[in-house]
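K.L.:
Sequence lines, in order, name chains S and G. Heads up: the first sequence begins at 1 in the numbering used here, then just goes up one per residue. Heads up: the second sequence begins at 1001 in the numbering used here, then just goes up one per residue.
Don't read these hints as lab results, they were simulated from the structure. Any given hint could be a false lead.
Stated by the list, open to error - In silico negatives: residues of chain G with every beta carbon more than 10 Å from chain S:
{"hint": "1", "residue": "S1056"}
{"hint": "2", "residue": "W1062"}
{"hint": "3", "residue": "M1063"}
{"hint": "4", "residue": "L1065"}
{"hint": "5", "residue": "L1095"}
{"hint": "6", "residue": "I1109"}
To be verified - Distance ranges between label pairs, derived from CB positions:
{"hint": "7", "chain 1": "G", "residue 1": "K1005", "chain 2": "S", "residue 2": "H41", "range": "42 to 48 Å"}
{"hint": "8", "chain 1": "S", "residue 1": "F277", "chain 2": "G", "residue 2": "F1042", "range": "25 to 31 Å"}
{"hint": "9", "chain 1": "S", "residue 1": "L12", "chain 2": "G", "residue 2": "K1013", "range": "27 to 33 Å"}
On a predicted model such as this, the values are computed, not experimentally measured, just so you know. Note that beta-carbon positions come from the ideal geometry of N, C-alpha and C, so glycine has one too.
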Amino acid sequence: MTLFQFCIEVSLWSVGAGIVGALTGLGGAAILIPVLVLLFHVDIHFAMGAGLFAVMATSAGAAVAYLREGYINIRIGMFLELAAAVGAMLGAYVTSYLPAKWLEALFGIAFLYFSYLAYRRHESQDMPQSSHPLALRLGLDGSYPAPNGKAGVIGYRVQNVVAAFNVMTLAGLLAGLLGIGSGSLKVLAMDQMMRLPYRVSTSTSNFIIGITAAVGSGVYFQQGYINPLVTFPVVLGVFCGALLGARLMPILPVKALRTLFSVVIVLLAVEMLCNAFA
Amino acid sequence: MRDTKALEQWIGKILLISIIVALMMISVGGLSYLYHTGHQEFDHGLIFQSHTTEFSTLSGVWMHLTTPLGLIQAGLLLIILGQIVRVALTGFIFLLQRDVFFVLSTAIILLIMVLGFCH
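Full structure from sequences and hints, please.
P.N.:
What follows is the structure, encoded as structure tokens:
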């Protein structure tokens, strides 16, 4: 294919990844890296470099819409990001020493685990009446606008603060290693451990994954893994997709969003594992 | 605790402006590159030789700013800068809220972000 064709096709995939990324709290990199590696035969290190920018573009595109809507909890976000940033720095340094196949296998295994965690999610539950003491001390409680145009806000409580923090360090490590934003793990930590409302989890995740990606990007940049030609269609496509996805999110039912999330990560896991062991 | 919702929205707007500027740079660079070389065959070996410093050091990008690929790279760096600035502004919000824990956390994150660009 010509360079031109390459850019067109990659940008189309990127738009799709941006839409799904904004809807699920993923960064789009998780989707694009397998696509780039499997369909376009891009070396995984360069795919990861482009992936980081997909994450930052998703984060920026979605952040504007979500900040206005009031779903993002910046305190929870920055609190969790503290752990993730440290992990991401470590991961980014280690990644250049690992062979591509290892990274692909790790990618697949990690995503299988994420899909298992997502599957385990108990559906409806009663809203706990009080927050974890640490959450109260740090002021992590919040509220978000009632959906479907109803007036007023809905309050929520926060649980399992320490456990979520630890999971975040792992999320950051994986982010640095694999060039993703670790959005899926962050959403899971907020959704299942801290028991935040789903839309708060996904929007707050979108908010912070850009930061995690930026942490790793300095190291990737210096390693020469940021290739302008691959990254150019990725960034443009993902940003447009993310804007669109963020617009759609308040309208779509949570159940649909959850299903989308689970299906996507299962598919990704399977693909990457197949490739790693091929 | 002051109501900082308005400030949070400002952060979103600044981020949006920075990324739009970055995307414009990337678009101009990318389209210009494709205009000249788009018909060429996509050759993995040619495209993905890494470790040329023109795209992996800040000074290299600066020197190649007027080339299409250099412009793309500069736009990408601007995206990273946007994230750094966003964290700094969020830290400022916490400063206004007089929340020591979060100011410190944000400062640490900021430090880590910048650290990646040092040798």
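K.L.:
Hint by hint, note whether the structure agrees.
P.N.:
Hint check results:
no.: 1; hint: S1056; verdict: violated (4 Å)
no.: 2; hint: W1062; verdict: holds (13 Å)
no.: 3; hint: M1063; verdict: holds (14 Å)
no.: 4; hint: L1065; verdict: holds (12 Å)
no.: 5; hint: L1095; verdict: holds (13 Å)
no.: 6; hint: I1109; verdict: violated (5 Å)
no.: 7; hint: K1005/G <-> H41/S: 42 to 48 Å; verdict: holds (47 Å)
no.: 8; hint: F277/S <-> F1042/G: 25 to 31 Å; verdict: holds (27 Å)
no.: 9; hint: L12/S <-> K1013/G: 27 to 33 Å; verdict: holds (29 Å)
In summary, the structure is inconsistent with hints 1 and 6 from the numbered list given earlier, while agreeing with the others.
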